[in-house]
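J.: Listed here are the chains, written in short residue letters.
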Amino acid sequence: MTALPDIPRLYTALAECLAVLLFTPALAPRFSRAVTGGITLLWAAVLSAFLGLTGNVPGGLWIPCMVTAIGLSYLYLWGVWSITLLEAGYHCARAFILAELAASVEWQLHCALWPARGPWEPLSLLLLALVYGALFGIMCYLQHRRPQPAGHLQIGGSAALTAVMLALTAFAVSNLGFLPGSEINMSIFSIRTLVDFSGVLILSVQHEQLQENALHSELAAMDEVLHRQYEQYKRSKEGINLINRRYHELKIQLARIREEQDQTKQNAAIAAMEQNIRQYEAENKTGNPVLDTLLTAKSMECQEKQIRMTSVADGRMLGFLTIRELCTIVGVALDNAIAAVRAEPDPEKRLIKVAVYSQGGFAMLRFEHYIEAAPALDADGLPQQGSDLKSVRTTVGQHGGSMTMHWENNWCTLRILFPLPKNK
Amino acid sequence: MIRVAIVEDDAEVQGVLQEYVRRYTRQYGTEFEVTVFADGVDILEDYRAVYDIIFLDVEMKHLDGMTTAERIRQMDADVILIFITNMAQYAIRGYSVGALDYVLKPVPYFAFSQQLLKAVARLEKRAKHYLTVPVEGGLRRLDTASIYYLESEGHRVHFYTDEGDFSAPGALKAFEEKLADCPFARCNSGYLVNLAQVRELRQSTVQVGPCELQVSRPKRKAFLAALTDYIGGEGS
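Sequence order for the protein chains is A and B.
With our numbering applied, the first sequence corresponds to residues 1 to 424, in that order.
With our numbering applied, the second sequence corresponds to residues 1 to 236, in that order.
For the record, the hints were derived by calculation from the structure and aren't laboratory data.
Computed from a prediction, not measured in an experiment: that's the story for all the values here.
It is possible that some hints are incorrect.
Unchecked claim - Straight-line Cα separation of at most 20 Å, SDA-like style, residue types lysine to any residue; simulated pairs:
1. K285(A) - H248(A)
2. K422(A) - V215(B)
3. K105(B) - T394(A)
4. K118(B) - E31(B)
5. K125(B) - N410(A)
6. K221(B) - M273(A)
7. K118(B) - G233(B)
8. K128(B) - E163(B)
9. K221(B) - T413(A)
10. K237(A) - D335(A)
11. K349(A) - Y109(B)
12. K178(B) - R126(B)
13. K125(B) - A145(B)
14. K221(B) - P183(B)
15. K105(B) - A34(A)
16. K173(B) - A34(A)
17. K221(B) - P147(A)
18. K349(A) - A111(B)
19. K422(A) - T205(B)
20. K118(B) - H406(A)
21. K422(A) - C211(B)
22. K349(A) - W411(A)
23. K390(A) - E212(A)
24. K221(B) - T394(A)
25. K305(A) - V107(B)
Looking at chain A on its own, in the form it has when it is part of the complex:
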């Protein structure tokens, strides 16, 4: 059996590019779309040119060439996408082994079908398109089949190290047969394909596991926020009920005093007190008892902390939210605002405004607070420390709504929109 030709380097380059690009959509770019696209094209061109030009180097230089090619992809991943060096290593390792597998499978099929045919004939190219299309298509499908954890999947040192070690091992073992002196035949190709396949398999399983863990901790964090806000709500509800009872007793007492006393001045004072009570009763009603409790409790907290909180709220249309959901949304949003304005030294500037209303087929909840420094927002448009707001966004998303946060003219505004469900 004659020695078989090895994989054309441009085939490898194409596989490498496709594999890296398969993983990038899940990452957040560092630059604008145009810049990202430009650098991506440049990287692909440089990588292809480099691999193409170094195709015929003698055996000793082959390893340094591969290392340089991997290094290019690694630098590209780290430089263009906002991930850490470790994460770039992880993604690079996954992409590298996947590319090896794709190139290996394709070339093995090619050699089995037409060992004599050149790599650039139309039929060969068709096979290339078919095999790469199928393989990357399947990987793409597998990647999007399961729910993705929101935002950035964080990869720790051990996961990155495992991935890199696995990729290196798989690469080393799969290329053992190509050591100088051994004859290159189909069985060596098969071994390479198989080893690469197990490498991809193990790395994919590891990735699934990481995603699973991320989803799980996301859920746990949300549950925690929900629980905390709900507990707070229950506590304040008891407190407010107590106050309501007291007000009621006070009213009865006042009535009695009036029956006995006759001086006009005292009467006027009593009338004023009564007026206040009546107002208190009337003004705390938003049409949604949960919202009543939440707003009352939070405005008490604000009074304590010398914060001026004002709210205009029509909560009648919020019935489609569960108590827990409403607690999470309003509780977290106000906690976030309270924490922010507390840092303001001048009590006159500690201002919070709440508006809840409906417009057309939508419900709007708006929370504003005064803050002179623009808060640092992350890629998702949320404050970097406000991890609780993430659960608000998830809750809002579950109802098909949307949440935005902006800072303008010293005011930070959180807006939450819900499409109102049809009653009919």
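Given the coordinates of chain A, work out where chain B should sit on it, guided by the hints.
T.: Frame of chain A, contents of chain B only:
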């Protein structure tokens, strides 16, 4: 010149508020013409819709602020109403007269100035925007508020408005840039929607005026965010 009315029965607070307005003018340079009323009855007597902003005390002897606001709203849909009150929460009634903001008594200058700042910004935003569209035989001047949506078709753009539909040559992107100051957003690559005309949002469609349009998956997030910012803009 912005016309402001202050309706307040306490002479002392009246004076404080007038001084605040003057201080605001010194600080920001905005000129105001201030009229003062001592009771809701006074401003309603022979009411004309000439004011831009009305500050209303909620507790007044003859006619309270809420009732006054309701009467004013019947005659004047545009004026910005700001309540002055010592109650921290204004539930449904404030909302029903389109007053989503108020200042707490005793009124500190800072909170007052922020409220006024916001009202002035709202007045400026309220100015009508017009779009000039080349049509056969000349130019057409279109009030952007009357547009439902724009649809791109080849090298032409279809306009759907409450004054009828027509089409004009040009690219959707060019019109989108001209409408940058108005609340317009794309719900899919071919439709540019006036957010002020959005009535309802369903699973994959949006009701814009009388039309139901498809919302594409890639545009959904950005479209919803734009809608959120528009509806949650200044309220009312």
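J.: Is the hinted pair K305(A) and V107(B) satisfied, with a Cα-Cα distance of at most 20 Å?
T.: Cα-Cα ~18 Å, so holds.
J.: With a cut-off of 20 Å on the C-alpha distance, tell me whether K118(B) and E31(B) pass.
T.: holds (15 Å)
J.: Please work out if K118(B) and G233(B) have their alpha carbons no farther apart than 20 Å.
T.: holds (11 Å)
J.: Hint check: K221(B) vs T413(A), CA-CA at most 20 Å. Holds or violated?
T.: holds (19 Å)
J.: Within a Cα-Cα threshold of 20 Å, do K173(B) and A34(A) meet the stated pairing?
T.: holds (17 Å)
J.: Below or equal to 20 Å on CA atoms is what counts here, so check K125(B) against A145(B).
T.: holds (13 Å)
J.: For a C-alpha distance cap of 20 Å, please report whether K237(A) and D335(A) respect it.
T.: holds (17 Å)
J.: Within a Cα-Cα threshold of 20 Å, do K349(A) and W411(A) meet the stated pairing?
T.: holds (11 Å)
J.: CA of K349(A) to CA of Y109(B), is that 20 Å or under?
T.: holds (10 Å)
J.: Mind checking the alpha carbons of K221(B) and T394(A) for me, to see if they're no more than 20 Å apart?
T.: Holds, at roughly 13 Å.
J.: Between K390(A) and E212(A), is the straight-line Cα distance small enough, at 20 Å or below?
T.: holds (18 Å)
J.: Tell me if the straight-line CA distance from K128(B) to E163(B) falls inside 20 Å.
T.: Roughly 16 Å between the alpha carbons, so the hint for K128(B) and E163(B) holds.
Violated hints, listed in ascending order, are 3, 6, 15; each of the other numbered hints is respected by the structure.
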